[in-house]
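**Q** Hints in hand, dock the two standalone chains.
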Amino acid sequence: MRLPCPLCGDRDRREFFYQGAAVTLDRPARDAGDAAWNDYLHNRDNPAGETRDLWHHEAGCGAWIVVHRNTVTHEVYGAELAQKAKA
Amino acid sequence: MRVQGKGLNANGAPLTFTFDGQEYQGREGDTLAAALLANGQRLVGRSFKYHRPRGILSAGSEEPNALVTLGEAAKQDPNIRATTQELFDGLEARSQNAWPSLKNDVMAVNDLMSPFLSAGFYYKTFMWPKAFWEKVYEPIIRRAAGLGALSGETNDDTYEKAFAHCDVLVIGAGPAGIMAALTAARAGLDVILADEDSRMGGRLLAETYDVDGQAGADWATQQIAELNAMENVRLMPRTTVAGAYDQGTYAALERVGHHRADRTGPRECFWRIVSKRSILCAGALERPIAFPNNDRPGIMTAGAVRSYLNRWGVAPGQAVTVFANNDDAHRTALDFIDAGVTVAGVIDSRDSAHALGDYPLFKGGQVIATKGRHGLTSITVEHSGGTEEIATDCLAMSGGWNPTVHLTCHMNGRPTWSDNIFSFVPTEGSVPNMSVAGAANGVFSTLGCLQDGIDTTQRVLVDLGVDAADVETPSAEDAPYRIEPLWQVEGKGRKWLDFQNDVTVKDIRLAALENFRSVEHMKRYTTQGMATDQGKNSNVAALAVLADATGRGIPETGTTTFRPPYSPVAIAAMGAGSQGHGFAPERLMTSHHATTSRGAPMIEAGLWYRPSYFPRSGEETWLDSCNREVTMVRGAVGVCDVSTLGKIDIQGPDAAAFLDFVYCNTFSTLKEKRVRYGLMLREDGHVMDDGTTACLGPNHYVMTTTTAAAGQVMRHLDWVSQALRPDLDVRFASVTEQWAQFAVAGPKSRDLLNTIFDDEIDNDSWPFMACGTVGISGVQGRLFRISFSGEHAYEIAVPARYGASLFGQLTAQAEAMGGGAYGMEALNVMRIEKGFITHAEIHGRTTAFDIGFDRMVSQKKDCIGNAPSRREGLLDPQREQLVGLKPIEADGKLTSGAHLFVEGADAVRLNSQGYVTSVCYSPTLGHDLGLAFLKDGPNRYGEHVILVDHLRDVRTLYEVCHPVFLDPEGELARG
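So the protein sequences, as listed, match chains A and B. Just so you know, we're using our numbering here: the first sequence kicks off at 1 and counts up by one. Just so you know, we're using our numbering here: the second sequence kicks off at 1 and counts up by one.
Just so you know, these hints were derived from the structure itself, not from any lab. All C-beta atoms, glycine included, are put in the ideal place defined by N, C-alpha and C. Treat each hint with caution, since some may be false.
As the list claims (entries may be wrong) - Looking from chain B toward chain A, a few residues come up when the C-beta cut is under 7 Å (computed):
1. R715
2. W719
3. L724
4. A867
5. P868
What the hints assert, rightly or not - Heads up, simulated DSSO-like pairs for lysine-lysine below, C-alpha to C-alpha not over 27 Å straight-line:
6. B:K673 x B:K861
7. A:K84 x B:K861
8. B:K886 x B:K935
9. B:K103 x B:K371
10. B:K103 x B:K492
11. A:K86 x B:K861
Stated by the list, open to error - Okay, the calculated beta carbon distance ranges per label pair:
12. A:P28 x B:E619: 52 to 62 Å
13. A:A36 x B:E619: 51 to 61 Å
14. B:E604 x A:F17: 16 to 26 Å
The following block holds chain B by itself, in its conformation from the complex (with noise of 0.2 Å):
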């Protein structure tokens, strides 16, 4: 019901909206929860256990009850507290947790079992059959108790992240927050003025108050003007910070899109703000008083009654109560009779307490008993003159408020106990850097927040060695806080303490009773404090209710742990940016185009993307492909594009001296227009990596990595050039990018490669292992003849930029020559034909002396890895060591992974005489082969191992040989 000239959007532009299908009208400037209240819907969802008929409890973010689901399909955003959600015109709210609809929910039966469904119930009932729990009982549990659900379709709205950093960041922006921004930014600093509400202002927006001689949500407006005017302030309202984290770093969710009916744009933006300094004015919550059956749809907290009528000139009820343990929820009644409303009665438990205005008073008075099943109707008031039922539609109860700890706690700080309030209130330094002020700090007057403001910033300004600030304190009221503990009711009926989570007084106790009598023991036998709201307003009073079951004292009992975030982030938020291709950078190469429109399928190497294969008409499988590309470049001559293997050029008078350290093997020797075969360790010994370097010119060296080992490569160069051997003149740097690589390897490469090179080529100008530029249409390349399939072979660079023409160049010149371009699956075929190994074999386990390069590391210079190499163990011949695997039976499957037997042996883990790393069909040789680690490998060729796969079943009889199938001596790659 709207009151006549109330509201600070009295004047706001109708809207329309609908909840469960059915139409309503709101005001700009209106929460789903005011426009809902406006139009006398008070039942709004169904509690999570039991489903009980809930309403609005709050006017914040600590809403446990109000809870909506808005939008369809895959835009569907469950768990939506109708309490923040600003109302736009189009809205489509729905509520949640009922079936077939909200006023008769079937499941509510769940309530008339409540005597067997108390806490523990779960972990006392459904403990046997074991099998039973994920098939039966959590399906069922899960349907029957829930909150808002997902589509479980892809959702495509957009989400973002962003970095800010300032000096000061104040958090909350109500009288406190406020004068600590004004006294930040006034001294120069950079500020930022973050605030979970749309508009900022805190309680002076739902409040009567005054401040200096004006309305408080006036006073407000004007001195957001001011800092909204400021260069060195930044206002961010509709933002949470949700957590804190080491040196000053604030986590913070501001909803950027929720509030509009068009849905462009992102809807959250996640921050991640770094403050020199922070102030935390975030406030304090009030908290309900737990008497029987208190989660009627029209029992709200006393403040949230008053911020509906202040803020949004809706009267939750026509017949107005309070129920209270303190001064503050007089206010209500004070504002519902300025506004005209009838208030019925003011219930307060203390006998001290005096009406402040005409009212009818019941001191030392309790609300034993409420009805109305969908929405309060009369409650049982007993007090000192006795017992009377009272008509009323709408209970504002007030237990008293907590401070906003929150984020004080998420570095492991713990709150401290105050008998002034009757709460807890933030222990002074639990997070370095960060000051705490006004209601937050358990200041609770308008007077003292505001001045609490002042000095706390003026103290951080002393800090950071800035000059004070020059501020006046406004004028404003400054009542004292007056409030007797009051936690529970005793009487007939369920008690509740977390409406969210059906949590009542008697399961508290029930928990104490059990010995679950930790506080963190007690939350997750209860679910005490759970779910969307963490028990915002509930914790306290439930731990009140175990001190008293546990004999204890409240700071005894202590409090469970405050974790990020303070209120729900989405998931999307936190991973903006990274859905679909944004999960991880995409590296192509530059015949990455002619490739896929080859029809090649591309499989990922790290970042890069490579073809499998390049299927032809005909071929039906990968392997029809993969055998025919083997063939065509033992016949003919094929193309691979390399360009992914890492280059890094090296220069410097050192350059050489620097490469003898981080290769095992030696490569001052190297001549220039030379390629070597390089051997990389750690420094434990083991293998690291492997590669070829050219020495261009001289100290001019370019070294090829592997292309999965690129960036540790070039970590580990930096580590050895700048923390080892400073002392070496060397510098180097990634050219990966900057250069395409194509493989021409076959018996007709050379040929192909005259086709198109300005000069020709012959065998004594470019041998084996030769390097140096060459010209190709007037474009500078580099060449170098080296081979990764055993063949006739070279790899032709030129910068970045001609790599797409010049694959063009050489498929067509190969595919003209019976040749044509060949991918990874073909290549790997090539290699394990000709024992050479790639990360399947130097996987991080291996040493040189495994792999057979024993030799390689050489004794004349120390290197990286050469001493721990040499440890004891590490040149055991019983090592695991590399061998070749050849079939004995026809038709033997060979696994990779598969371990190898000896004959007669159980194939159990303590008899494995090694493992299988890379396998293949070779088309060359008609059969399949394997590369395998196997123990004193070299001196077993010709024995027969067995090989089993218990995953794949697999057994087979194969025998060891030497890792080179084919071309033993090197003679094709010398042709």
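Chain A with its partners taken away, still in its complex shape (with noise of 0.2 Å):
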């Protein structure tokens, strides 16, 4: 398999750490309550179909990326540097 990297190009996702859903980009204030924070931390859906998460360029250029991509037909639609991405 491969992922898109916006800076290198189509690259092998054995140069990738993979980490999640991109839901965590959306980081609670400080004060938004425990509810939130256990919400952030620990929820995450299990899509079967399209899922937007992070994967890092590890030997590469170091770029956090949000991969957009199917769990179930395995395609990978697009990425974007999560520096620009929105949760």
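**A** Here it is in structure tokens:
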């Protein structure tokens, strides 16, 4: 499998570290309360289909990217830099 | 037997080889199977379960029977298919699964027991007693039934792995594959053409068909030469595409060295090929017919019999018979008559069959019996005119052809049943961006294959937005594929389906009778389709028998799951480069050579190698050395390489704000030339890592991490900087490899440093937690006055190229002052004496609160993990918290991992009060010490707890105390 790093182009997935759902881009405020923080830290959807998740191009440029892909067909639709992405 | 003037390698050089020790002659271009048949060697192996004598069945990688072992001792390669092994001079092959000899195999007694060894025999018989299964039954069964074996020795053969990229991957170089590759290549695309055979051409090498007015094999050779001359084409012969994966990725195994006598260089190369599009032109596999005793040596598939004659000039028999349900097999008779070999008869199960040449034809006929213990001598034929016995030493059978659909099913696809060819064809779209052409697609005439190769590829070009290629269709035969289904022939005797696993028609019926009616259950109950050939030529017929036995149609019965690899791939090829030192990268400190030359045993710390201790003469155990090193540091001075700690250089106007955000404590108040201890939390409020960060100058910091967490921290900093705080103007880079860093610890540490520094230092210029630059023989280094031992200590860093030299100087000076180098054991003892934590304590489940650092979590600012660290339950006094343990009993053992209980409580999980994380013997204090986590620990100093280690059978009474055992005020480090 290859992932389209926005800086490096298509690269083998072995160069990337997988983190998890891109919802962690939307970090709660410090005073958001335990419920918001618990949700942010622990609650995740388990989609059969399209998903956006975070990968770190660890053995490459070091960019964190958001990959838009499909967990059923394994299609990869695209990727953007986490720096510019929204959750 | 060779046939004069026949074979593509008729002029091949003579080669000498041995089989089971006997010497034979073969020809260059032969496979081992062709050479064996040329020498009349029909018996080549014994079957897996019944040790039945077996011969060569096929002429390709689907071969179930002719498995041999090549090579000796450590280099022994078992289960090599004689049908694909190319002959070389001096090749030595041995038969498998027979003892004492292939011809007289004592385990053939199993064959007489066959009425008791039917499907499910093991499950029914070896059920009890349970303990017997692993110790008694399985070893016996494994000895009796088996394929070839590895030597058990370490094999130093080399394997490779490689990557390739292309626009179009064409799999198979028969007529369809050649035209597909030509069409794509002439359109200017990057093409890889892979074929498992040593010579490209597919069935054109095995048939007598003409293409474009010349012999098919010659035509193929010309096209391959054209392809080979094109810059945009890579030909990969001897390369089996073994698996289809996501995004056009294919696994392929190239056999690099198996065909050469010279064993230098790699044996195999495991390829990952990434393609935009692929075209599967894998052809078709012929299936046998299940008639009584159809497994004798000399009974082969009809296409294979033709291959041996046309490609290698070998007649597998002197009186050939054919048994088939289709027109194609009649070509075998025609080719042998042309070659001057006797054809004793063609038995065709179809009443509508008619002879295509001058040979005896038995219409509506069936072979109902065979004779010949070690090789076929005659067959009994039942036909419309009666029953007769025909003398024959080679029976060419054909139940039809199965398209090689395997790769189309590797991503959950299922093939579709076709009533036109009575077999499965690929289901379109099963593998994204894969097209199928030729016989693999159920197109069987030569012209059909050539045309399908072109047409399929032209459609691919359209998809890719490439102009159509200029390709003309060559002229070729276009005979219809006439077939009527024939799956099994009734009669006395076993009708074999899976030759490799000894599965018969009766076994499949028994499975159905015992309600293993699902095809997946049938497979596991009977072993149909398992082992090295995965039932390539038997699965479809077995499905037909199962369908018949269960009263369902074949499409409803379905297929088992086709999984990669298509044919066996050595684990050594997939793991190429990972043996021995290749298993993982080794990171070596600049002091590595000096350390090992002092005899220090090295331990792994992540990928790093660090010294356990530095043994000196007279020391008998590691503990002797460790105790001496601790005493040496506390009494004089010690030197330790700490370069393995992660070092991250952080710069920028917002560097301080960034540190405030990633550390729970504050760094924006840190002054230049000062160092501060920092604690880093995960976002969930638990401790991630700790270390020191030094402020080297305005907006310039160097952070240290623990050795183990360096990669994780770097990734985390990237995350925080890019995703959470892109507003901060900060840049950072790992400089772990760029600096060699040494701890110099002990009361004489400053004296030692002053012997090598260009300018002397003192306590006023370098107080505790100071940092800055120093000169060492003109080299600019960095000095940090920090201590992990609790002693007056420093860490001195120099550019890595000076590391080895500095380590030499430091240790020499230390030894002159009554000190020396120390290793991880002493380092660990000293930090436990001081109650300093490592990842034994911050193991991922502990919070700042648990280790007594809660007040470090500044509430004046936000940071990673700040709010979650305040959540209910994470500040509960009943949490297990860091304490020290000191002994009450003189000889009581203290073990890491032991659990703590109150006196009198049962030592069971529910009563556990906590657990021990680090233990050591303290030569400074003269007794054992431990660090532990204990519920409400800080309020229980002075209490007694019982330490229980069920694994090592230890029960000891200990006293709970403060985790800092030595110099609690920290005066030594400041002195």
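**Q** Determine for every hint whether it applies to the structure shown.
**A** We went through each hint and held it up to the structure:
1. R715: 5 Å, holds
2. W719: Since chain A brings a Cβ to about 6 Å from B:W719, closer than 7 Å, the hint holds.
3. L724: Constraint on B:L724 satisfied, holds at 6 Å.
4. A867: Since the shortest Cβ distance to chain A is 5 Å, the answer is holds.
5. P868: 5 Å, holds
6. B:K673 x B:K861: 24 Å, holds
7. A:K84 x B:K861: 25 Å, holds
8. B:K886 x B:K935: OK: B:K886 and B:K935 at ~17 Å, within 27 Å.
9. B:K103 x B:K371: 17 Å, holds
10. B:K103 x B:K492: Answer holds: B:K103 to B:K492 is near 25 Å, not above 27 Å.
11. A:K86 x B:K861: 24 Å, holds
12. A:P28 x B:E619: 52 to 62 Å: Distance hint for A:P28, B:E619 holds at roughly 57 Å.
13. A:A36 x B:E619: 51 to 61 Å: For A:A36 and B:E619 the Cβ distance comes to about 59 Å; the hint holds.
14. B:E604 x A:F17: 16 to 26 Å: 22 Å, holds
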